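Taking the hints into account, I'd like the entire structure generated from these sequences.
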Amino acid sequence: MKKYWRIFIIKNFSFLFFLVSFLLNPSYESGTTYKTQESIKNIASFPIGNVVSSEKLKSNPLFVSTLKRDFNSMTAENQMKMANIFKAPGIYDFSDGDEIVKFAKENNFRVFGHALIWHSSIPKWLKNYKGTDEDFESLIKDYIQNTVSHFAKEKVRIDGEEVSIVEGWDVVNEAFTTGAENSIFRKKIGEDYVSKCFKWAREADPDVKLFYNDYNLESYPSKIKKVQKMIKNFQEKNIPIDGIGFQMHIDHLNPKKETIKQNLEKIIKSGLLIHFSEIDITVNKEKSFKRLNYEKALIQEEKYKEIAEIYMSIPKNQQFGMTFWGMRDNDSWLLKFHNNKYEYPSLYNSNYELKISHRGLIKGLKGN
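Note that the working numbering has the sequence shown beginning at 36, numbered continuously upward.
Just so you know, these hints were derived from the structure itself, not from any lab. Owing to the predicted nature of the structure, the values given are computational and were not obtained by experimental measurement. The beta carbon of each residue, even a glycine, is placed where N, CA and C say it ideally should be. Among the clues, some could well be false.
Ranges of calculated distance between the beta carbons of each label pair, as one might list FRET restraints [to be verified]: (1) Tyr69 with Ala123: 46 to 52 Å; (2) Asn375 with Ser155: 18 to 24 Å; (3) Asn374 with Tyr69: 25 to 31 Å; (4) Ser257 with Ser100: 40 to 46 Å; (5) Leu288 with Lys371: 19 to 25 Å; (6) Lys190 with Tyr329: 22 to 28 Å.
Next up, the structure:
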């Protein structure tokens, strides 16, 4: 009888292991996570960031411990955008951003400001503004300069020099889209609103790094051409710009490595800083499964490795850093954007366990 029990147990061990794994985290197959003592921030020679909110920093200890483990830079996902700050003409609420900056100062993080001007983040009162174009332009100038100068005040000392914790800003976000081309900024300020925003930001802080940020720069040569044209215009007219943000919202299959490198090289030639600013990698756009399987996780791991290798190929003096857009899979904006709760684009699963995508990133940073 004991013999048969042993056979039964052996035959069913794999099933029991599967069952336990499923009950612990039903959204992930075995083999999609791993363990390591290595930290991304300690391997990279440039800042490694993730998105934060003041609420998570105050009330989510698992988020905070994960943030401290792997990262040394942070970007406010929404709380330093215009819609959250600009309450009325001349009235600003910087409290959420101040909480983020306070945490950063206490824990040796840098902060990257995102984003001063974005056509999808406009307060309701401003969308319906009935004043003159001149008054509107004055409002935007005051908002940019008050915001930049406010966050320039908080300093840290690095190598004997005082520098702002907020090291850079996305001054304008996603201007080369249909929505932006029809935006209130273009209608009321004019075709040159982007260059004006950069000038106003520089007037407010002579040292902060000023970035233009957009999606699909790694994928579409047509969009890269528009950015190249903007850079050329800025540089010829001495309009301040320090860097370009490649958002890097990509898929595990596309774009191909050579496509990314070709598009990236066109901006590297400008001499500007390069920020991979909103990295995530989808695996389930077709909505074909409800559980991250090992095969897809392996492909995603390789893609994260590839992205790290590409970033490492950028000249060191142009490497501003890599920022990831969401800590855990279930934190990602993509679940809502694609109406797909079975998407797994990040470095950590829903239990804050390291996915093998994290391993791929480390391999790429090491050059393995």
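Here is how each hint holds up against the structure:
1. In this structure the hint that Tyr69 and Ala123 lie 46 to 52 Å apart at CB holds, the actual value being about 50 Å.
2. Remark: the range hint 18 to 24 Å for Asn375 to Ser155 is upheld by a beta-carbon distance near 20 Å.
3. Distance hint for Asn374 and Tyr69: a CB-CB separation of about 30 Å, consistent with the stated range 25 to 31 Å.
4. Between Ser257 and Ser100 the CB atoms are about 43 Å apart, so this pair conforms to the stated range of 40 to 46 Å.
5. Checking the proposed 19 to 25 Å range against Leu288 and Lys371 shows it holds: the Cβ atoms sit about 22 Å from each other.
6. With their beta carbons about 48 Å apart, Lys190 and Tyr329 fall outside the hinted range of 22 to 28 Å.
Checked against the numbered hints listed earlier, the structure breaks hint 6 alone; every other hint is satisfied.
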